[in-house]
Amino acid sequence: LMGVLNNIATYLDRIAIFHFLGALEVAIYSFAIAPSEQLKGLFKNTSTLAIPRFSQRSEAELKNTMLRKMAIMAAIIAAVIFSYIILAPILFKFLLPKYSSSIFPSQIFAISLLGVIANLPVSAMKSLSKIRALYFYNTTSSIISIILILILTPIYGLMGTIMARLISRFLGIFLSLFALYKIR
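Note that the numbering used here has the sequence shown beginning at 8, numbered continuously upward.
All the pointers check out, no bait thrown in.
Derived pair list, reagent style BS3-like, types lysine-lysine, alpha-carbon separation capped at 25 Å:
1. Lys137 to Lys76
2. Lys70 to Lys189
3. Lys70 to Lys133
4. Lys51 to Lys133
5. Lys133 to Lys76
6. Lys189 to Lys76
7. Lys133 to Lys47
8. Lys70 to Lys137
9. Lys47 to Lys76
10. Lys76 to Lys51
11. Lys189 to Lys137
12. Lys189 to Lys51
13. Lys133 to Lys189
14. Lys47 to Lys70
15. Lys100 to Lys47
16. Lys51 to Lys70
17. Lys51 to Lys137
Keep in mind that the hints were calculated from the coordinates and are not lab data.
The task is simple: from the sequences and hints, build the whole structure.
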């Protein structure tokens, strides 16, 4: 049930792009976000693997060490993002030469990988069985994403959708921390 709004938010971007901009823009967008989404999957697995370790810790201990863990993960992700931004033109030139128009959006979208650090507080909430906090995080972040996509896509086109995803992922970091620390 928690994932329903998240699924809508995840796929609404493509529907909005098709509706407001057309099929070509959907293809450009799909190729632009694909590398980052694949990398996101790798980092998401790291957070899933953290749940058993988090389960062995007290809530106070998790809260005291969370920001440090997130900073370490952010530094690693930032290095990956920087590497990708430099390598993207080369990768697109050799692998997808017909979609060179996806390079710049892809480089901008890569910054959204930093939003993956929100998975650490979410994993902590799962290990602590903080169901209300998880509902708050999933519902609020999905609603924000949906609203931003519906507002920014018609106004700014493809870059509006990318900015909506960036903003919602960065807000997701703060929402996950708020849910972990403030919601019982």
